[in-house]
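Trainee: Whole structure, please, built from the sequences with the hints as guidance.
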Amino acid sequence: MSTTIKIVFRGLMVLNYQRDQAASRNYMEMGFLDALPHANGHGRGDHTSHSMVHIPRILTMKGGILTSVIDLRLDRPELGTVRNWELSVTNSAQNNTTLRNNSVAQFDRTVDPATANQATREDFRWIIDFEARDMHDRRLTPEIGTRKLLLVLLVRNGDFFTKFHSPELTQRKGTGTPTPFGYVAAATGCDISFNAGGNVRLMAGSTEVFVFNDPDAIYEISNAPPDVLPDAPTPLGQSHFHMYYDGLFIKPPADQISFIADDLAPGPDPALCGLTSLGQREDPL
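Just so you know, the numbering used here puts the end of the sequence shown at 310, numbered straight through with nothing missing.
Derived from the structure by calculation, the hints contain no laboratory data.
Errors might be hidden in some of the hints.
[Stated by the list, open to error] Each computed SDA-like pair below joins lysine to any residue, with the alpha-carbon atoms no more than 25 Å apart:
no., residue 1, residue 2
1, Lys198, Gln305
2, Lys276, Gly105
3, Lys31, Val177
4, Lys276, Asp241
5, Lys87, Leu99
This structure is a prediction, so every number in the text was calculated from the model and none was measured.
Mentor: Structure, rendered in structure tokens:
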């Protein structure tokens, strides 16, 4: 009988779903934007504006209660120096990485997830795809500089799906008129299963960083801001989406896109600091 570890990803990450032709299997790359302050100038974080600093960390929740927080900046010299990280699975019960319900059927993000069935709610395609028709509608590989990424996390085994949705969003392209956009994935889940004697480990190169060993817990791998600021009230409805353009593109394009949440939830609003993907990209990160 297999065991399943439940992981949620939230914050400034770009996903790149690829095919390993030699191994005849799919895998997922997850690039973490560098939004940390650095004394040497490396990175895109602004240390004078704490709300713009995104902190890589691992949160563990049991029964809906946060039980631990692992700040990867502490005693982790690999952060910022080792680029290739991996969720390593031993005795895996999965021989592939899959996208839940990623069929060829038409997908409509204007449908309220609260009224949809479970299969629709969990569809991976709620994620914002930078290269899709409702975004930039072009292959962005020549415009993107992946050397800016803080790290790239490789996931060879797992089932990716939408875990949590944003409120309904409005989109504005460049200086154009805001238009209704619909709902997006504010957090993306990944279920990883292994057989008896197996485990899931977060590796930074050859160094073990963390072991995911509790099937009753939900683990969050986050690259998001602190929940609230210690020195001032947190502004409402603050959008961090433009950090993708600053931290990922070689030269931010003229047709940058903004998202506005109607509910003005306190920052960091998961809707405005969610994951993205590159649906047309053929090259690894």
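Trainee: For a C-alpha distance cap of 25 Å, please report whether Lys198 and Gln305 respect it.
Mentor: Holds, at roughly 20 Å.
Trainee: Holds or violated: Lys276 with Asp241, Cα cutoff 25 Å?
Mentor: Violated. Lys276 to Asp241 sits at ~44 Å, over the 25 Å cutoff.
Trainee: Keeping to a limit of 25 Å between CA atoms, is the pair of Lys276 and Gly105 held or broken?
Mentor: holds, 22 Å
Trainee: Check the hint pairing Lys31 with Val177 against an upper bound of 25 Å on the C-alpha distance.
Mentor: holds, 20 Å
Trainee: Are Lys87 and Leu99 close enough, with their CA atoms no more than 25 Å apart?
Mentor: holds, 23 Å
Checked against the numbered hints given earlier, the structure breaks only hint 4 and satisfies all the rest.
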